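Residues per chain, in single letters:
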Amino acid sequence: MNIKILGTGCTNCKNLEKATINAVAELNLNATVSKVEDIQQIMNYGIMRTPALVVDEKVLLYGRVPSVSEIKELLLKSKQ
Amino acid sequence: MKLNIAPNLRNRRRFLFFVLLPVWYIMYHYLQPLSDFVVDDLLRMTRGSHLTESIRFFVYEVPKVLLLLTLIIFCVGIIRTYFSPERTRKALEGKSHFTGNVLASLLGIVTPFCSCSAIPLFLGFIESGIPLGVTFSFLIAAPMINEVAVVLLFGLFGWKTAFIYIITGLVIAISAGWIIGRLHLEKWVEDWVYKMKAGEQLLDEQLTFEDRVKRGFEAVRDIVGKVWLYVMIGIAVGAGVHGYVPQDFMASFMGKSAWYSVPLSIVIGIPLYSNAAGIIPIVSALIEKGAALGTSLAFMMSVIGLSLPEMIILRKVLKMPLILTFVGIVGTGIMIVGFLFNLIF
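First to last, the protein sequences are chains Z and R. Residues 1 to 80 in our numbering are what the first sequence lists, from first letter to last. Residues 1001 to 1345 in our numbering are what the second sequence lists, from first letter to last.
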């Protein structure tokens, strides 16, 4: 699973990254988590609000920082 | 795998909502006698001394403002789920200049916005053909007229000042955006912006009412969690001013007669962004000590509406002359508001 966090480096983006890393660890997933900070690349995903959570090039969520349990649900859903 | 904790959580949330609302009301209603009881009977302080009145101010204002903030942010958090930058952009597409400015400023109040999303939002608007001036109207109104500022103004100054703040903020956002549009400053937008190709726009998410209530709670957690400390520090300083600074002390340098105080307070206000929640309680205490309303209003608008960090963020997409023009026009608007209100009141 290829997970990307989109965000230009604000607090919310860091919080989402942390929460996602925790969610991946708790689920014991085989996934890589990377950050996309370049604004032009971020715009390619068609979002207007950061941070965003992208799994295998699909935007699952944007504009807010969800709880770890919500991220876990999203990750499990997209795994299927 | 289906997670079956959801119904349980949902019930708990509903329960929480219906229990918390009456608790909120009772606390808010009995705040004055309660805070008097704490100060006079529990702490047994002598009435009328500087220290007593400072502490009374603090013990009453802190829970009052935090209670107001919690309720309003919860409600605004729910209302905001009905708006989104994506929908706002759709509404603004193809609007003529003046109408676009008005609509963008109004939508700026209710659309969820965080200054860290200023760039993607700016690019998203420009990309779909919304004029530069209309985009600016949105970017001025969204941070300036925010729920934290309005709640603090309402709680500490009363509804009239909160209303004046909203209306003058709107007028500034509309006219500054309109002027920027008329000046045709597209040449001062970074060149790559107009060449950029954004990906296909995402559809809005579908939310149930339960989801919206959940967002309301999340907004409270995020925003109150972030500002409560500033609010307490601000009210503590305000309480000190309230108890110790002599009456009319501020009149000489923030009063009506000191005309230069309006531009000066705007310049001082620009770098003070992060303390918006803390600055309003201090200003409310200063007004009590003779600072003029117009000067104070100008100061608060500059603190909240003209923020240095946001300008640094916008520098990625705007060239320096445009940022300076933007600050100049908005600053002038705030200055007119300051002078006007010093003249009227």
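Note that these hints are calculated values from the structure, not bench results. Please read these numbers as outputs of a predicted model, since none were measured by experiment. Treat the hints loosely; a few may be bogus.
[Unchecked claim] Subject to a maximum C-alpha distance of 27 Å in a straight line, what follows is the list of computed DSS-like cross-link-like pairs (lysine-lysine): (1) Z/Lys58 / Z/Lys35; (2) R/Lys1316 / Z/Lys14; (3) Z/Lys14 / R/Lys1226; (4) Z/Lys77 / Z/Lys14; (5) Z/Lys14 / Z/Lys58; (6) Z/Lys35 / R/Lys1095; (7) R/Lys1226 / R/Lys1090; (8) Z/Lys58 / Z/Lys72; (9) Z/Lys14 / Z/Lys72; (10) Z/Lys58 / R/Lys1319; (11) Z/Lys35 / R/Lys1226; (12) Z/Lys35 / Z/Lys72; (13) Z/Lys72 / R/Lys1226; (14) Z/Lys18 / R/Lys1226; (15) Z/Lys35 / R/Lys1195; (16) Z/Lys35 / R/Lys1197; (17) R/Lys1316 / R/Lys1187; (18) Z/Lys18 / R/Lys1316; (19) R/Lys1195 / R/Lys1316; (20) R/Lys1197 / Z/Lys58; (21) R/Lys1289 / R/Lys1090; (22) R/Lys1289 / R/Lys1095; (23) R/Lys1090 / R/Lys1187; (24) Z/Lys77 / Z/Lys58; (25) R/Lys1187 / R/Lys1319; (26) Z/Lys35 / Z/Lys79; (27) Z/Lys18 / Z/Lys58; (28) Z/Lys58 / R/Lys1187; (29) R/Lys1197 / R/Lys1095.
[Unchecked claim] Chain Z stretches covered by chain R per the calculated footprint, using a threshold of three residues with CB under 8 Å from any CB of chain R: (30) 9–23; (31) 26–36.
The C-beta atom is built at its ideal place from N, Cα and C for all residues, glycine as well.
Status of each hint after checking the structure:
1. Z/Lys58 / Z/Lys35: 14 Å, holds
2. R/Lys1316 / Z/Lys14: Roughly 20 Å separates the two Cα atoms, so the pair holds.
3. Z/Lys14 / R/Lys1226: 15 Å, holds
4. Z/Lys77 / Z/Lys14: Holds - the C-alpha atoms of Z/Lys14 and Z/Lys77 are around 23 Å apart, at most 27 Å.
5. Z/Lys14 / Z/Lys58: Within the cut-off at roughly 20 Å; holds.
6. Z/Lys35 / R/Lys1095: 36 Å, violated
7. R/Lys1226 / R/Lys1090: Distance of about 31 Å is beyond 27 Å: violated.
8. Z/Lys58 / Z/Lys72: 16 Å, holds
9. Z/Lys14 / Z/Lys72: Judged against 27 Å, a Cα distance of about 17 Å means the pair holds.
10. Z/Lys58 / R/Lys1319: Given pair Z/Lys58, R/Lys1319 is violated - Cα atoms ~33 Å apart, limit 27 Å.
11. Z/Lys35 / R/Lys1226: 24 Å, holds
12. Z/Lys35 / Z/Lys72: With a Cα-Cα distance of about 18 Å, the restraint between Z/Lys35 and Z/Lys72 holds, given a limit of 27 Å.
13. Z/Lys72 / R/Lys1226: 25 Å, holds
14. Z/Lys18 / R/Lys1226: Within the cut-off at roughly 18 Å; holds.
15. Z/Lys35 / R/Lys1195: Holds. Z/Lys35 to R/Lys1195 sits at ~24 Å (cutoff 27 Å).
16. Z/Lys35 / R/Lys1197: Within the cut-off at roughly 21 Å; holds.
17. R/Lys1316 / R/Lys1187: 15 Å, holds
18. Z/Lys18 / R/Lys1316: 26 Å, holds
19. R/Lys1195 / R/Lys1316: Holds, because 15 Å separates the two Cα atoms, which is no more than 27 Å.
20. R/Lys1197 / Z/Lys58: Holds, at about 18 Å.
21. R/Lys1289 / R/Lys1090: Violated. R/Lys1289 to R/Lys1090 sits at ~47 Å, over the 27 Å cutoff.
22. R/Lys1289 / R/Lys1095: Distance of about 46 Å is beyond 27 Å: violated.
23. R/Lys1090 / R/Lys1187: With Cα atoms ~25 Å apart, R/Lys1090 and R/Lys1187 stay inside 27 Å; holds.
24. Z/Lys77 / Z/Lys58: OK: Z/Lys77 and Z/Lys58 at ~12 Å, within 27 Å.
25. R/Lys1187 / R/Lys1319: 9 Å, holds
26. Z/Lys35 / Z/Lys79: Holds, at about 20 Å.
27. Z/Lys18 / Z/Lys58: With a Cα-Cα distance of about 20 Å, the restraint between Z/Lys18 and Z/Lys58 holds, given a limit of 27 Å.
28. Z/Lys58 / R/Lys1187: Distance of about 35 Å is beyond 27 Å: violated.
29. R/Lys1197 / R/Lys1095: Cα-Cα ~22 Å, so holds.
30. 9–23: Holds, because 4 residues of the segment 9–23 of chain Z bring their Cβ atoms closer than 8 Å to Cβ atoms of chain R.
31. 26–36: Three-residue rule not met by the segment 26–36 of chain Z, so violated; n is 0.
Checked against the numbered hints listed earlier, the structure breaks hints 6, 7, 10, 21, 22, 28 and 31; every other hint is satisfied.
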